[in-house]
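Use the sequences and the hints to build the structure in full.
In the order they appear, the protein sequences are chains D and P.
Just so you know, we're using this note's numbering here: the first sequence kicks off at 1 and counts up by one.
Just so you know, we're using this note's numbering here: the second sequence kicks off at 1 and counts up by one.
You may find that some hints are simply not true.
Unchecked claim - Covered by chain P, according to a simulated footprint, are these stretches of chain D (three or more residues, beta-carbon under 8 angstroms):
id, segment
1, 3-13
2, 318-325
3, 354-362
4, 391-403
Quick caveat, the hints were computed from the structure, so don't treat them as lab data.
Treat the numbers as computed from the prediction; the structure is a model and nothing was measured.
We put the beta carbon where it would ideally sit given N, CA and C, even for glycine.
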Amino acid sequence: MRKLGGVRAPHRKGTAASAPERIPIPPEVRLPMSMHIGAPAKPVVKAGDAVKVGQLIGEASGFVSSPVHASVSGKVKRVDEYDAVTGLGALSVVIESDGEQTPHDGLRAPEVNDMKSFLGAVRESGVVGLGGAGFPTAVKLTVKDISAVDYILINGAECEPYITSDTRTMLDETELLEEGALLLGKYLGVKNIVFGVESNKPEPISRLAEFTSRRDGMEVRTLPAMYPQGGEKVLIYQITGRRVPEGKLPLDVGVVVLNCTTLTAIVKYIKTGMPLVSKCVTVDGSAVVKPGNVVAPIGAPLSSLFEFCGGLKGDVKKVLMGGPMMGIAAPSLDMPVLKATNAALAFSEKDARLPEETPCIRCGRCVSHCPMGLMPLEFERAYRLKKPELLERYKVNLCMECGCCAYSCPAKRMLVQYIKLSKIMLRERQAADKAAAERKEAAV
Amino acid sequence: MNELLVSVSPHIRDGATTRGIMRDVIIALAPAAAASVIIFGARAALVVAFCAVACPLLEAAYEKALGRKATAGDLSACVTGVLLAFNLPVGIPLWKAFVGCAAAIILVKQLFGGLGKNFANPAITARIVMLLAFPAAMAAWACGGGLFGETYDAVTGATPLTMIAQGNTGALPPLSAMLLGVRGGCLGETSAVALALGGVYLLARRVITWHAPAAFILTVFVFSALLGRDPVYQVLSGGLLLGAIFMATDYVTTPQTAAGRLVFGLGAGLITVIIRAYGSYPEGVSFSILLMNILTPYIGRLTAKKAFGGADA
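Below is the structure:
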């Protein structure tokens with residue numbers, strides 16, 4: 001068995017014991033039409049429309065897409081573009097809340113009695129990968145040949161520092177996880193359902209074990225507390241020993257991975273008909289007065305979460321959506337909570353300060369820590385030399401941007417930045433090559 | 001509120017810095033430095049201190065002259081200075097040592113772009129420059145003032161490797177002297193115990209990995225035995241331990257993967273033994289490391305790590 005790299009990042013799970021509290025409904029929420037990977041949803045409401053909680057406001061536009069539902073009751077204020085954390089414009093529906101949180105009349109539990117209706121329900125629930133990636137869950141579960149899948153892994157690794165929202169799911173919604181695992185077994189007919197949890201969460205592990213020990217084919221696996229155990233390919237390898245080959249999906253090795261909170265969101269929809277409209281978010285960081293877990297309507301501005309947690313102290317310099325290893329730095333506190341947002345972290349100037357980059361000393365720490373067995377220092381070199389062919393040879397495409405390289409770099413190189421730029425450079429080169437080949441063909 | 005800083009992930013880093021690593025190397029060199037003073041006398045301290053200061057000063061002067069950012073604070077030039085001093089005989093005139101320092105810092109390191117860009121080990125290459133420029137001074141093992149100076153004639157005479165080369169094996173110092181370092185040689189290379197102590201420290205601090213030193217030493221041991229030479233003396237003689245522990249593990253000029261480091265050690269070991277057995281110089285560690293430095297980019301390419309789940313390119 002190959003020993004995968006990784007880093008012993010600090011855990012900082014101080015909020016693990018904080019049961020999530022609902023924040024007051026903010027006066028306004030912004031629901032982006034693209035909170036998932038794939039085609040953005042298409043708005044089906046317009047300014048002035050009255051909406052209620054759970055009402056469809058954006059319909060899925062294509063196979064790889066996901067519907068969006070109103071998270072508050074009130075009136076649609078506008079449908080417009082805003083500058084998202086990605087730096088790109090994104091279409092969104094802004095709803096002015098009436099504070100009533102009236103549920104939509106049409107909501108009822110879907111009829112689920114076979115695989116098709118189960119997958120239909122998952123699609124309508126608006127659930128996407130809640131571990132952070134946001135891939136539409138229904139697409140992940142729609143498999144040509146389900147009999148080839150013999151493992152469903154429920155990801156409770158939660159390897160990012162600070163974040164404890166999945167921990168809370170495992171502690172507070174244990175029964176939903178059991179029901180979800182049973183549903184998956186029943187409708188997808190998958191034999192083995194294994195929960196993977198890092199060893200630094202003994203309580204969730206024993207909670208899950210209470211029911212998995214009673215159920216055939218169910219199991220909790222304790223993973224080392226080493227980032228990034230929750231990375232999909234890492235988790236699959238640690239639990240099943242299978243390697244997802246380059247260019248293939250987990251399905252190709254008979255595995256589907258679902259985040260634990262993704263599973264409970266599906267179960268909630270199947271039981272109540274209420275789609276994914278709120279999210280447990282860990283609010284923490286050195287600039288937060290009273291760190292804790294909160295439940296926020298999707299679309300709530302980050303500022304409303306911080307306010308609920310006692311506000312921000314000192315000179316706030318950096319705000320993250322997600323954990324410190326892979327989270328995205330938000331340009332403002334107006335950014336809305338997305339479906340896949342699992343943490344909102346705020347840091348003071350001191351903790352946000354960027355370390356000075358010094359020359360690469362080729363120590364090879366990025367190489368030995370890379371869980372994917374890549375050579376990040378070569379990516380930076382190839383990028384600077386403008387050599388996409390080297391990027392291809394060193395397989396920059398296999399990088400999941402977990403950040404172990406930059407984390408462990410003594411020269412403080414911004415390796416993930418160079419890797420992101422490298423991927424763009426490689427894509428451009430490949431597109432240019434393809435266009436040239438087509439022109440040549442056309443000329444012949 | 002301030003403007004928020006938007007930067008790419010990860011947003012936390014571990015505590016390792018280049019300066020911290022170099023500090024660890026200096027700490028690891030300290031036992032051998034102490035041993036050199038005990039064995040060769042106070043002048044050893046003078047030579048080590050001179051080079052340890054001259055190298056960073058030369059680096060600072062060069063960078064100032066060219067209007068570049070000052071980098072001597074990263075301590076890498078200081079490490080180069082100590083390593084170069086360790087490769088010199090105790091009686092070396094200081095002006096000659098200064099020429100060596102200039103060769104290391106200006107010629108080998110800065111002209112190629114400074115830290116991280118040099119293809120050859122600065123201290124090793126500077127030693128070779130001095131070997132060619134000052135052959136007599138670099139082979140003058142005479143010494144006085146050390147605690148054991150009068151006990152062992154060997155110290156004032158030739159190095160063990162020279163004795164072996166001359167077939168004068170009867171005059172070799174006993175094994176205990178070889179381990180402690182009470183023998184002729186460059187001032188930092190003789191004490192196996194002190195060097196090993198530094199190596200253990202670097203391994204414990206995870207500054208180096210075992211691959212290159214183990215492959216280097218083991219290759220010399222086995223290959224020497226095959227050639228009918230006493231392998232223990234071959235390992236303890238000359239600059240092998242110094243080279244294997246501190247030079248074959250230099251980050252910039254050796255491969256980054258475990259496999260590459262094994263190949264590097266193996267190659268350096270073979271070349272060392274060949275030079276010792278068949279070459280005109282009694283010692284081959286410096287040349288072998290320099291040659292392997294030159295081969296490092298190719299070794300790196302051939303031993304590139306196989307990506308997890310990666311298809312064959």
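Against the structure, the hints come out as follows:
| no. | hint | verdict |
| --- | --- | --- |
| 1 | 3-13 | holds (count 4) |
| 2 | 318-325 | holds (count 5) |
| 3 | 354-362 | holds (count 7) |
| 4 | 391-403 | holds (count 7) |
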